[in-house]
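K.L.:
Here is what each chain is made of, one letter per residue.
There are 2 protein chains.
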Amino acid sequence: MGKNKCSSARSEIQKLIGYTFKNPDLLDEARTHGSSNRSLNYHRLEFLGDAVISCLIATVLVESDGGRELNQGQLTLLRKDIVDNEKLACVCIFHDLNKYLIHNEKKFHSRFKEFKRELRDNPERDQWRGLVSELKVLADLVESLIGAVFLDSDYSLEKAWKVFVKLLKPLINPDKVRRDPKTMLKELCERMGWKEPYYDYSVWEKRGIVRVRVNGFPPFESGKRCSNKDVAIARAAKAALESNSLKEYSTSIFLQESETIRIVLKALKEKDTFYSSKTS
Amino acid sequence: MGKNKCSSARSEIQKLIGYTFKNPDLLDEARTHGSSNRSLNYHRLEFLGDAVISCLIATVLVESDGGRELNQGQLTLLRKDIVDNEKLACVCIFHDLNKYLIHNEKKFHSRFKEFKRELRDNPERDQWRGLVSELKVLADLVESLIGAVFLDSDYSLEKAWKVFVKLLKPLINPDKVRRDPKTMLKELCERMGWKEPYYDYSVWEKRGIVRVRVNGFPPFESGKRCSNKDVAIARAAKAALESNSLKEYSTSIFLQESETIRIVLKALKEKDTFYSSKTS
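Sequence lines, in order, name chains W and B.
Last residue of the first sequence: 280 (UniProt numbering), numbering continuous.
Last residue of the second sequence: 280 (UniProt numbering), numbering continuous.
Extracted from the complex, chain W is given alone in its bound form:
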């Protein structure tokens, strides 16, 4: 990347995230993938950004109305539901941040394009599970940007928060909470004291269908033929959760949590500064 191109990329990103770096080298480090031939890549900033985001979301969660009543396991799952790799990858693609990634991975360009198209055509998440390794790179980029802002601002959670919320905000819809059906089904079984769901792949090769068995109920199926196993697993779990046999249990168990997620997402959307609730 030439010097001019690099400098214009820098100013575009800074405008986009609403933060100007004192040390622009950190910004370049944050957008350099391991496949590039540069000496520094985003590994350490991704690690840091992940910790910073976890800390920010944990704070909002424990201070929310529902957060007080939940245990650590539930809070951890909720945080995962709010900012998992899929969500962060969507944030990356939504803002076209991927075009600033410095890398030498030939397939990225077409895979990012494919993901963007999938996202537009099939906003339901179970359609684009096949792209999971590229999701990771896209999520990494968001995490490492947050890590870079945190370091550059002398460890300011406030600055990191502002950038994070600015990026996340357009994608937050508190009235449409989507959770991973496989995780939910597993949790449901734990809470009911049932054995873990058993995924049956005996007809996978032949018919592209996955079945899941739960607590002696007749097996739940993933529906029409599917080419991606993870997608089929998610569909089978969803079928189970929405079945007449399990609907009643899952509704009562996940109602409070869904409500908590809704409250937290609403808080995220409205909370422009991290410290506001305390200092104003």
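Don't take every hint at face value.
[To be verified] Taking lysine-lysine and the DSS-like style, the derived pairs with C-alpha atoms no more than 25 Å apart in a straight line are: (1) 271/B with 169/B; (2) 80/B with 136/W; (3) 80/B with 186/B; (4) 271/W with 159/B; (5) 162/W with 159/B; (6) 159/W with 99/W; (7) 136/B with 80/W; (8) 80/W with 271/B; (9) 159/W with 271/B; (10) 271/W with 22/B; (11) 159/B with 159/W.
[Unchecked claim] Sample of chain B residues with no beta-carbon within 10 Å of chain W, all distances over it, derived: (12) 76; (13) 102; (14) 172; (15) 205.
Simulated from the structure, these hints should not be mistaken for laboratory data.
No residue lacks a Cβ here, since even glycine has one placed at the ideal position from N, Cα and C.
Add chain B to chain W, keeping to what the hints say.
P.N.:
Showing chain B alone in chain W's frame:
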């Protein structure tokens, strides 16, 4: 707990951690176990404290000399080596914080005493693995105290850092880095491109011995009869790592990481304020 006893416990803890709470209810919440009949327990503060500590250690790690060169997986393992539940439980016992835990669990008192004795008589960690569920409670208490300080101080990483380092400092010995042998052996195999270590329990019942097989070498044994399976597993892994067959590989692979841990522990011991490296 009577009102006077509660108030004196509060002032003792505050003196010990070097922080005075604006809202002492947070301090009581931080030391209330789920077994107590109080309405609030430390669950949410433990969740928050865990995230805050992760963020603090991540920052020190990525800014350390060795941290720049490591990838996210290695950094995550290093952080675990620096502040896992065992370390935090030791911190708790060292400062006698456990006596301030509000709970209704009859076995805790004797188990804490047992742990304290084990720790004094057998400082090598593989001796007290059997006490793992109590370790968790003790570690939780340290985490929730840090979470409470962070909330009470209007999200100050600096204040959380000061309390954390004050508690951790007496237990840090940069020249004696101890890592979990089972994790190390697994990592060694990954890095060498070998299959995962295979733990063989065929003589466990009869002889109290666990064997581990690695990359076709003759199996490594846990040594003399042992009554706790986790301890035996750790010993077998240690025997493998220190064997003539694997020593060369493990030394070269873990040398840099051990050096990084040493540097970070040294930094922890010397870094009294979180922001000092930047602002002074």
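K.L.:
Checking against the hints above, which ones are violated?
P.N.:
Hints 8 and 12 are the ones this structure does not satisfy, whereas the remaining hints hold.
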